[in-house]
Amino acid sequence: MVTVTSEQLHRPNHESEVTPVNQPGTASRPAVSISAANTTDTAGHQPTSTVPVMELDGVSVFYGDYEAVRDTAMPIQEKQITAMIGPSGCGKSTILRALNRMNDLIPGARVAGSVTYHGQDLYAKDVDPIEVRRRIGMVFQKPNPFPKSIYDNVAYGPRVTGMKVDNMDDLVEKALRDAALWDEVKDKLKSSGLSLSGGQQQRLCIARTIAVRPEIILMDEPCSALDPIATAKIEDLMFELASDYTIVIVTHNMQQAARVSHYTAFFTAEVDEKQERHGRLVEFSQTGKLFTNPADKRTEDYITGRFG
Amino acid sequence: MSAPTLTSTRPDPSAPGAALTQRRSRPGDLAFRLAMQACLVVAFGVLTGLLTWVLIKGWNRLDSRLWTEMPTGLTSRLDGAGVQSALVGTLWIISLVAVICLPIGILSAIYLEEYADNTRWYNRLLELNIQNLAGVPSIIFGILGLGIIARALGFGFTITTAAIVLSLLVLPVVIIATREAIRAVPQSIRQASYALGATKWQTVSRQVLPSAVPGIATGSILALSRAIGEAAPLIVLGAVTFITFNPNGLDSAYTALPIQIFTFITRPQAEFTELAAGAIVLLLAIVLAMNSIAIFVRNRFEKRW
Amino acid sequence: MTTSIHGAGSAAGNSLRQGRRRPVESIVKALLVAAAFVSIITTVGIVIALAEPTIGFFRQVSIVEFVTGTSWTPTFAQKAYGVLPLVSATLVVTVIALLIAVPIGLGSAIYLSEYARPGVRKLLKPIVELLAGVPTVVYGFVALFALNPLLQKWWPADDGPAFQNLLIAGIAMGIMIVPTIASISEDSMAAVPRSLREGAYALASTKMQVSTRVVVPAAISGIVAAIVLGISRAVGETMIVTIAGGLTSDRVVINPLDGAATMTAFIANISSGDIPIGSLDYDSVFAVGALLFLITFALNAVSIRMVRRFREVYE
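Protein chains in written order, with this note's numbering: chain C, 2 to 309; chain W, 352 to 656; chain A, 45 to 359.
Just to be clear, a hint being listed does not mean it is correct.
Said to hold, decoys possible - Restricting the straight-line Cα-Cα distance to at most 30 Å, the calculated cross-link-like pairs of lysine-lysine (DSSO-like) are:
1. C/K149 with C/K126
2. C/K234 with C/K187
3. C/K234 with C/K191
4. C/K189 with C/K234
5. C/K187 with C/K143
6. C/K143 with A/K197
7. A/K251 with C/K191
8. C/K143 with C/K191
9. C/K298 with C/K275
10. A/K197 with C/K149
11. C/K149 with C/K191
12. A/K251 with A/K166
13. C/K187 with C/K165
14. A/K251 with C/K165
15. C/K165 with C/K189
16. C/K126 with C/K165
17. A/K73 with W/K408
18. C/K189 with C/K143
19. C/K143 with A/K166
20. A/K73 with W/K551
21. C/K275 with C/K234
22. C/K189 with C/K149
23. C/K126 with A/K73
Note that these hints are calculated values from the structure, not bench results. Computed from a prediction, not measured in an experiment: that's the story for all the values here.
This is chain C alone, in the form it adopts within the complex:
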């Protein structure tokens, strides 16, 4: 595995391979390209890995009889940042929640198709959703620290998952450092997590997530409730974390996707013959390519502002 520093991550890599790999697919299938395309634009980061840690194939999510997202296929590459963008109601958050079985908590929700993680079907009968979530963590749209102390918020995950921890203080410190929050809170670890500012609360939630040492971190519009300065801090943090973690981020902010991600999936909402709206994946490719040379007309319309 190539080690990447965050500095390298920030610099677009123009030397990567050029050969496009054509994904098999029908006309209705989205254009999926996981190869690095040659582009001079600086949008996005050149991928440093094309090892998929998760793969979605034919994934549809139902709420009762309603099919919220239809037939999604895309890979999640290891230690890369994958962004999901698209207008509201396009199902991007729904798909994100299918990746660590958070949809299980909604009565009537059902996932069809296959979601694999290191080749294991996440929705196989004998899979324990708790084990899934231990490896695939999640950060939510609105910061949701527990009404406990900062320390207990971070220590919560290791405690409930029964992690063998030699020194909890070290672990808490490390997680808070990695979440770039340590210097701000080191003198008030015993105060309530709710006493922090919104941006700090969100970084606390990230610290809480990485304290259980997941492999993948899902982020559901993590900056939408934050001001621009707090947003910039979280984005910096994502670069840092990408050297160790695979990150999937849902965002309604195209610029954010272009700034932080290696790969981007563009979703949109479609009305079918029965006048029902479904979310669809339109295009998945390397971020640089998607924003400068989109394969699909709808992607182009959206990123150039002719949509919504």
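Please arrange chains W and A on chain C, whose structure you already have, making use of the hints.
Below, chains W and A without anything else, positioned relative to chain C:
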């Protein structure tokens, strides 16, 4: 920026390859779930079991004698005894409570929600006072009735005294429920009304109150049903005798269902126990029917804004 | 004829100063204030009703005897006015009631809020609320005639339960309080934001961990308020203890298998007989009433505080 010696928050190296099924069985979790379920089953089982027992116990007395015949203290006359005077007394009391308590309660709630400036100390005190009154034991209201209403104010041991005491007892229930119903009406409705030039009372009476009717109705019915079941204050007010006539006016002597039941219970003979059970079924039928209506009204007509 | 929807032309230039008096508004407000005042008068009335005879009582009985005496025999020839027997009986019944009601009520609330499917919850929650409305005289009846015979059958020894005893009164009271504690605790658990549960699940918590480590702690002030309200109801409940709890008050009774009069049972017992106004016996009812009022007042203050703190966190 991070201390290089600590590597503990790097992803767990065992994670990728490890099976996702390893800790599937969690006996602690299952035990906890069963324990919680058992609590619910026990709570429901015991309560329904006891209510069924009362029904069986009183089964022989569940006929028209219950409301056509008067109570008696004599075992020899028990066969032809019922609780008519207590049933009529309860109906009298509850009508009076509705007349006294509901207007006062609803108007108080309107004052607190729509008119009172709750930054003022006296309004906050008023609010605390109501919350506290809601928790004062009912027997204390009996003492209020005995010392002030019956004796100092001279209402005597009449059905009016009983109704006033029970009205004051359930007043906080009406006020608290009405306030919640009024509070649930969104501010935008009021602003729209004011913006059309309505006065405060026009806004309250034509916009706010109509929207709050289901919540007010629910609170009112629950309050009346609680007043029907109360015995303790009436005991202090000396209502423990066998009254063999129906109330005939506001200054009449009276008995009421819960009091009559209590009187039967204190008799050692088994026949009285049976009659008590029959009267309890009648009381429960009234109270539970009222509560069901109240809860139905709330769940059915409650507006979600 | 057409109706004009243009601004009232004639009004142009009208003064914005108050032209009309609005008598209705003033009358309404006066009425509302008067109605709100009733609850103040009620409290003042309670205090006056209790205070005057209580002061009369303490003119003849020393406060020290009242607070420390271990015998309460106002109806005996040999009169004694030590309130401890009444207080200890109240305490025993309350403790037994809570030992039953808190675990069962809380467990039911956790099951309803965290485990039950929405349909089941929607069906059971109203039934729990319905059961909270069963009149207490009914619980007194079942305690004496259904539960106690059962207890005596299981425990047939000579030193077994008396015909009226504190244990059975406490059990019946516990059963009575379960719906109250379950309903209020469930309300406060349901008010815990969904986002907290999701956060916990995303950290690989099991349902039990979410319930016990996140939901219950987050709802704790509501739960404590429910328990305090339960205590307050147990202390102030009259009918169950009057019917099933016993009458003894000449000594402190700790054994729950014996009968003893609680504060409320004493008030109910003595005032259902004939007592001459102004006598010491009559005044003793009010002295015990005053003590009861003070105890429940303190409990209510705690409960009101807890509810307020709970509201502040999430509203």
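Do the hints match the structure? See the list:
1. Of the pairs offered as hints, the one joining C/K149 and C/K126 is violated, with about 35 Å between alpha carbons and a cut-off of 30 Å exceeded.
2. Taking the CA atoms of C/K234 and C/K187, the gap is near 18 Å; set against the 30 Å cutoff, the hint holds.
3. Annotation: proposed proximity of C/K234 to C/K191 holds, straight-line Cα distance about 24 Å (limit 30 Å).
4. Using a Cα cut-off of 30 Å, the hinted pair C/K189 and C/K234 holds, with the two alpha carbons roughly 21 Å apart.
5. Of the pairs offered as hints, the one joining C/K187 and C/K143 holds, with about 23 Å between alpha carbons and a cut-off of 30 Å not exceeded.
6. Note on C/K143 and A/K197: the hinted pairing is violated, with a Cα-Cα distance of about 59 Å set against a maximum of 30 Å.
7. Restraint check: the Cα-Cα separation between A/K251 and C/K191 comes to about 26 Å, which is no more than 30 Å; the hinted pair holds.
8. For the hint pairing C/K143 with C/K191, the CA-to-CA distance comes to about 22 Å; that is within 30 Å, so the pair holds.
9. Of the supplied pair hints, the one linking C/K298 and C/K275 holds, its CA atoms being roughly 24 Å apart against a limit of 30 Å.
10. Distance check on the hinted pair: A/K197 and C/K149 sit about 50 Å apart at the alpha-carbon level, beyond 30 Å; violated.
11. Of the pairs offered as hints, the one joining C/K149 and C/K191 holds, with about 9 Å between alpha carbons and a cut-off of 30 Å not exceeded.
12. Taking the CA atoms of A/K251 and A/K166, the gap is near 20 Å; set against the 30 Å cutoff, the hint holds.
13. Taken as a hint, the C/K187 and C/K165 pair is honoured in the structure, with Cα atoms around 23 Å apart against an allowance of 30 Å.
14. Note on A/K251 and C/K165: the hinted pairing holds, with a Cα-Cα distance of about 21 Å set against a maximum of 30 Å.
15. At most 30 Å may separate the alpha-carbon atoms for a hinted pair to count; C/K165 and C/K189 meet this at roughly 25 Å.
16. Annotation: proposed proximity of C/K126 to C/K165 holds, straight-line Cα distance about 28 Å (limit 30 Å).
17. Distance restraint check for A/K73 and W/K408: the Cα-Cα separation of roughly 53 Å exceeds the 30 Å cut-off, and the hinted pair is therefore not satisfied.
18. Restraint check for C/K189 and C/K143: satisfied, since their Cα atoms lie roughly 23 Å apart, inside the 30 Å limit.
19. Taking the CA atoms of C/K143 and A/K166, the gap is about 28 Å. The hint holds against a cut of 30 Å.
20. The straight-line distance between the Cα atoms of A/K73 and W/K551 is roughly 10 Å, inside the 30 Å bound, and the hint therefore holds.
21. With a C-alpha separation of about 44 Å, the suggested pairing of C/K275 with C/K234 is violated against the 30 Å cut-off.
22. Restraint check: the Cα-Cα separation between C/K189 and C/K149 comes to about 13 Å, which is no more than 30 Å; the hinted pair holds.
23. Only pairs whose Cα atoms come within 30 Å are accepted, and C/K126 paired with A/K73 is rejected, the gap being roughly 66 Å.
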